[in-house]
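Throw the hints in and build the complete structure from the sequences for me.
So the sequence lines, in the order shown, correspond to chains A and B. Just so we're aligned, residue 1 is where the first sequence starts under the working numbering, counting upward by one. Just so we're aligned, residue 1 is where the second sequence starts under the working numbering, counting upward by one.
Calculated from the structure, these hints are not laboratory results. Quick caveat, the model's predicted, so the values are computed rather than measured. All C-beta atoms, glycine included, are put in the ideal place defined by N, C-alpha and C. Mixed in with the good hints there might be a few duds.
To be verified - In silico BS3-like pairs for lysine-lysine, Cα to Cα no more than 27 Å straight-line:
id : chain 1 : residue 1 : chain 2 : residue 2
1  : A       : K284      : B       : K45
2  : A       : K284      : B       : K78
3  : A       : K156      : B       : K45
4  : A       : K156      : B       : K51
5  : B       : K45       : A       : K321
6  : B       : K51       : A       : K230
7  : B       : K60       : A       : K284
8  : B       : K78       : A       : K369
Said to hold, decoys possible - Facing chain B, a subset of chain A residues (Cβ under 10 Å, in silico):
id : residue
9  : R153
10 : K156
11 : R287
12 : L310
13 : I317
14 : R318
15 : K321
16 : N325
As the list claims (entries may be wrong) - Computed beta-carbon distance windows for the label pairs:
id : chain 1 : residue 1 : chain 2 : residue 2 : range
17 : A       : D201      : B       : K101      : 48 to 58 Å
18 : A       : E128      : B       : D26       : 47 to 57 Å
19 : B       : K8        : A       : K321      : 33 to 43 Å
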Amino acid sequence: MRYLPLTEDDRKGMLARIGVTSVDALFKDVPASARRTGPIEGLAPHEGELGVERRMKALAGKNIPAGSVPFFVGAGAYRHHVPAAVDHLIQRGEFLTSYTPYQPEVSQGTLQYLFEFQTQVALLTGMEVANASMYDGSTGCGEAVMMANRVTRRTKAILSGGLHPHYAEVTRTQARWTNFTADELPADVDGTEDLTGLIDDTTSCVVVQNPSVFGHVRDLSALAEACHAKGALLIVVVTEVISLGLLTPPGEMGADIVVAEGQSIGNALNYGGPYVGLFATREKYMRQMPGRLCGETVDADGRRGWVLTLSTREQHIRREKATSNICTNSGLCALAFTIHLSLLGEAGLTRLARLNHATAATLADRLAKVPGVEVVNDGFFNEFTVRLRKPAAGVVEELAKRKILGGVPVSRLIAGKPELDNLLLVAATETTTQDHIDALATALGEIL
Amino acid sequence: MANIKFTKDHEWIRIEGETATVGITDYAQQQLGDVVFVELPDVGKGLERGKDAAVVESVKAASEVFAPVDGQVTEINKLLQDQPDTVNSDPQGEGWFFRIKLADIAQLDALMTEAEYNNMIQELG
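Structure, rendered in structure tokens:
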């Protein structure tokens with residue numbers, strides 16, 4: 001399809017055909033008092049391409065790009081090395097321009113990679129069935145809670161104090177009109193929270209994050225048993241999907257639904273999005289699952305092929321009784337995920353996960369020696385919490401002045417809790433070098 | 001068969017004393033095509049006339065099955081979980097959906113007889 005802008009003659013022709021004299025006349029239903037004329041205050045006038053580029057570059061120059069400085073920011077979005085092959089392949093026109101298929105079976109290539117994606121997600125999470133992706137981890141979390149409410153026909157969720165506060169907030173927003181209630185639990189800074197006593201016959205689900213937002217890694221088996229004893233579902237959230245290369249999959253610990261943010265594999269930080277949500281569950285709950293689902297089949301000649309299946313759960317068929325209002329998936333981000341994970345392979349993912357953990361362990365050891373820094377965690381994957389002598393937000397500003405992005409102050413996630421103000425979340429990945437670690441430790445020593 | 005009645009939404013209800021069995025008609029299963037899944041109500045659930053009672057999914061569409069009368073579910077057809085195509089092969093026999101305890105027998109008077117129902121679907125073509 002060519003892209004050709006309309007000519008003045010095209011416009012005149014169309015206007016003449018419908019008997020209107022000008023484009024403005026099409027808006028005559030909008031009262032004149034509600035119509036804006038003239039420039040918009042605060043918005044620069046239009047410029048040529050060169051001028052716009054200059055202005056945008058000047059704006060971008062105010063940022064400190066993650067790749068240009070020692071970088072320890074995580075809390076749900078992680079900087080990893082994405083092989084050049086990933087971007088090269090996803091920019092092929094066949095992938096880049098194709099939207100989520102509504103007449104799916106003509107798009108066998110798209111369906112095939114979505115099927116591969118689902119297979120990878122199921123294997124990673126240790127679950128039986130995965131969908132073709134959600135918008136991101138947090139909306140996946142909200143969908144999981146609503147799904148648990150449908151399965152259990154209950155409405156009370158327990159959201160762990162180790163769950164990323166943004167995930168809890170998105171869940172509350174999404175489930176707002178579904179009779180959803182949730183207990184507000186205190187931040188689980190030490191990773192010692194025990195939720196088993198809170199679960200009762202009215203609990204629909206327990207939502208825990210592993211590793212938690214404070215970095216703690218937990219065995220969730222006992223919690224899963226406690227949930228199942230009361231007929232509740234265990235939802236496990238993973239915000240750093242690389243961790244699944246090393247940790248016991250949530251499915252093996254008894255999770256009923258696993259949601260994850262898949263950004264770490266194949267996708268750059270991208271200012272916080274677009275990302276890709278992973279969503280997996282048990283086969284017995286498949287019909288209550290949100291989102292698109294790709295299946296393998298054979299055609300009339302017995303050849304292998306793919307279909308979108310169980311679409312009757314979806315909004316375009318089931319209307320207001322659909323399992324979700326999601327009618328799409330994060331196709332291109334899911335493709336990047338699939339290509340990157342295919343390039344890594346199982347052994348490569350495990351090695352990458354080990355490298356992440358080893359780097360974070362080196363970082364923790366180094367920071368623990370800095371006066372005024374206390375490492376909170378006993379165990380972690382590639383991110384952990386430190387307690388500083390001073391409020392973390394101010395320290396991070398000081399670090400930024402030294403061209404070091406030092407982590408996420410907990411006060412950025414949970415405001416108005418002075419007892420959390422000195423806590424800083426610090427992440428390391430395979431992109432973190434010994435020089436970066438030394439730079440952070442030295443700078444912290446000077447600031448504190 | 002005087003003890004069987006029909007709704008305009010293509011459910012049938014066979015009265016057996018104080019209880020009744022409900023399913024979808026032969027015409028309904030033909031319109032739906034191959035049935036692949038049936039979602040049934042929980043036993044003990046109270047149903048309200050004209051409100052959602054079950055869902056039947058075919059390769060073409062998902063449709064609601066409405067309660068023909070008020071009542072409480074006493075039994076569901078577990079056969080449909082594994083063999084939903086029974087709805088196609090024997091819609092008014094083995095392919096029944098659920099049984100209910102009738103709340104108000106008088107409500108049955110508002111439903112169609114078999115002859116009235118057959119006339120209606122003839123007009124539908």
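Each hint, compared with the structure:
no.: 1; hint: A:K284 to B:K45; result: 22 Å, holds
no.: 2; hint: A:K284 to B:K78; result: 16 Å, holds
no.: 3; hint: A:K156 to B:K45; result: 21 Å, holds
no.: 4; hint: A:K156 to B:K51; result: 26 Å, holds
no.: 5; hint: B:K45 to A:K321; result: 19 Å, holds
no.: 6; hint: B:K51 to A:K230; result: 30 Å, violated
no.: 7; hint: B:K60 to A:K284; result: 22 Å, holds
no.: 8; hint: B:K78 to A:K369; result: 65 Å, violated
no.: 9; hint: R153; result: 8 Å, holds
no.: 10; hint: K156; result: 19 Å, violated
no.: 11; hint: R287; result: 7 Å, holds
no.: 12; hint: L310; result: 9 Å, holds
no.: 13; hint: I317; result: 6 Å, holds
no.: 14; hint: R318; result: 5 Å, holds
no.: 15; hint: K321; result: 8 Å, holds
no.: 16; hint: N325; result: 16 Å, violated
no.: 17; hint: A:D201 to B:K101: 48 to 58 Å; result: 26 Å, violated
no.: 18; hint: A:E128 to B:D26: 47 to 57 Å; result: 36 Å, violated
no.: 19; hint: B:K8 to A:K321: 33 to 43 Å; result: 21 Å, violated
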